[in-house]
Structures are given as structure tokens and as C-alpha cells.
Amino acid sequence: MSINLAPNHKQGLILENPVMLAGGSIGYGEAMHRGVQPQKLGAVVVGPILRHSRAGTSAARVAETNGGMVLHTDLQNRGVTSVLKKFAKGWAKVGCPVIAQVADDDPDLLIEVVERLTDAAMGIGPVDVELAAMEWSVARATTEESLRNTLRVVIKKVDLPLLVKLPLERAAALAQIAAEMGVSSVVIGQPIIGAGLATKRARNVGASENDLVVGELFGPLAFASMMAALHQVVALGLPCTTVASGGIHTLEQAMQALVAGADALQIDSALWVEPGLPAFIVEHLELSLPK
1 MSINLAPNHK
11 QGLILENPVM
21 LAGGSIGYGE
31 AMHRGVQPQK
41 LGAVVVGPIL
51 RHSRAGTSAA
61 RVAETNGGMV
71 LHTDLQNRGV
81 TSVLKKFAKG
91 WAKVGCPVIA
101 QVADDDPDLL
111 IEVVERLTDA
121 AMGIGPVDVE
131 LAAMEWSVAR
141 ATTEESLRNT
151 LRVVIKKVDL
161 PLLVKLPLER
171 AAALAQIAAE
181 MGVSSVVIGQ
191 PIIGAGLATK
201 RARNVGASEN
211 DLVVGELFGP
221 LAFASMMAAL
231 HQVVALGLPC
241 TTVASGGIHT
251 LEQAMQALVA
261 GADALQIDSA
271 LWVEPGLPAF
281 IVEHLELSLP
291 K
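Per our numbering, residue 1 is the first one in the sequence shown, and the count goes up by one each step.
Hints listed in this document are in silico derivations from the structure and should not be mistaken for laboratory results. All the given hints hold, so there is nothing to weed out.
With a straight-line Cα cutoff of 20 Å, these simulated EDC-like cross-link-like pairs (lysine to aspartate or glutamate) come out: (1) K85 to E130; (2) K156 to E112; (3) K40 to E274; (4) K85 to D119; (5) K89 to E130; (6) K156 to E115; (7) K10 to E115; (8) K89 to D128; (9) K86 to D128; (10) K10 to D119; (11) K40 to E286.
Here are the in silico distance ranges between beta carbons for each label pair: (12) W272 to D108: 27 to 35 Å; (13) R148 to P7: 21 to 29 Å; (14) L109 to L212: 25 to 33 Å; (15) K156 to A92: 24 to 32 Å; (16) K156 to Q256: 32 to 40 Å; (17) F280 to P7: 22 to 30 Å; (18) G35 to K85: 25 to 33 Å; (19) S288 to S53: 36 to 44 Å; (20) E16 to Q256: 17 to 25 Å; (21) N210 to D159: 45 to 53 Å.
Where is the CB? At the ideal position from N, CA and C, for every residue including glycine.
Let the sequences and hints guide you as you build the complete structure.
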């Protein structure tokens, strides 16, 4: 089941199987549950990583919904300096390829993070890390012109394969530009926005019960939206690989995404419910997929 997720890149990105963990699901690697079994997976995505640290929102962060949850953290972050100092050395021990997700929407800050990670992966500077690729999580407000201009610079700076994670609402239009600019893979993609009322069990310190939480929608409920966007992107016949990410909570959903044309999968919120699910999917995928 091994695949090359970056066949257009000089280095390539060989995965033993198409099942990955999505950015945000395991922090910088330190939040990985012991039941995950990363050595059985194709890759894990750590991050997101920003140039500067960020405290995150002080308002309510989580609202439960039927079939999922709404999550708003405002990209709480350690910052690239802290990540490289405290967490990056552990990436060599994960047991599968590690992909670093970067997420600054300011092009200058994004490029600085990319350069820091690239140097570390090449053994330049005080920190030497094992890194297989990078993934840029594109902000929802990014215009087509801005995407093109930023990728033109970033691709020159990155010596590793570059994946680009796109908002579901605009995945098809942005994926075409990303592919034209030479990215290795497009990830479909960032969750749609939802809203719900915080509950006592889900609120954080300083927030009140019944505060409105507006944020990204996670859970099985997100799967249908991801599949619709995936269908549109696959229909474009792009010269890069495609990764399905969002709402995959069962083996059947994983199969559906692959049959629909995804080259690989990223598991996100399912990991918080059943840490062993990604390894279970790997073990059963080869027998379950049609020949």
C-alpha cells in the first residue's frame, strides 16, 4: 500500500500506507496518545507552527453539536523557536515520516518559519531534526492572487515536498492555483465554520455556560462537506496528489474517500475519540479496498 505523495518532487515523499494524522491532532508530537501506534501509519502532521507564540482565545473554545463539535482556539501556539527547542528532537523517534504544518497568514512570517524548519531539516544551525515534508495551512481570507504570490516565494525556500491544506469552501479554485505553482499535494481540507453554545463540560476558564462558540466544525458531521470538495478537486485532474482530511471516523468513510479519488487520508478528531482508529484503518484497508 506504499505511495509516493510527492512524485513531482526530487526527493519524493514515500509513505508505507495512505493513512496520516492531521495537523492539530497530536500537537507537536507531545500530545500523541499511547494507543495511536504511529509506527503503523503513513505519516503524522505536527503543528500548526507559527513564527511567534500565541496565547489563544480567552473565550469559550468548544461547543458540542449533534455529530461533532465546534472548536475555536485562535491558533494557540508555542512559536517556531520553542517548537524547535523543546519538541523537534522527538520527531526522529515517532516511527513514521513527520510533516510540519505551518500556518502564518503573513507571507514574511510564513517564509521565516519555513526557512527555520528547512535549515533544521538540513542540519544547519543549532537544531537538527528529522522532517519529511511541510504543509501550509492556508488562511480562509487568502485570495487567489495572494496564494499564487506566496507560493512563488515559499516553494523556492522549501527544499522539502510541500503540501497545501485548503479551506473546503474554496478548495477547487485554490487547488488549481496551488498545482500550477508546483506544490506536491493538496489537502482537502480545512473544516467549514460552525457555531454552537458552550456547555459546562466544554467551557474553559474565564468563559461562561451558553457562550456562543464560532469555529471549525469537527466530527463525522464534517465528512459530507469534505467529500463534496474532494469530488470537485479530483474532477480537475491536477498534476499533484490529493489528500482527504475531515470527518473520517470509520473504516467505511476512509474507503469512500479513497474510492472518490484521494491518494491519502488525514485523520483528525476521530483520534481524540478512538486513538487506535488510524492503525485499525491501516490494518483493514488493503483487504477492504476494491481491486
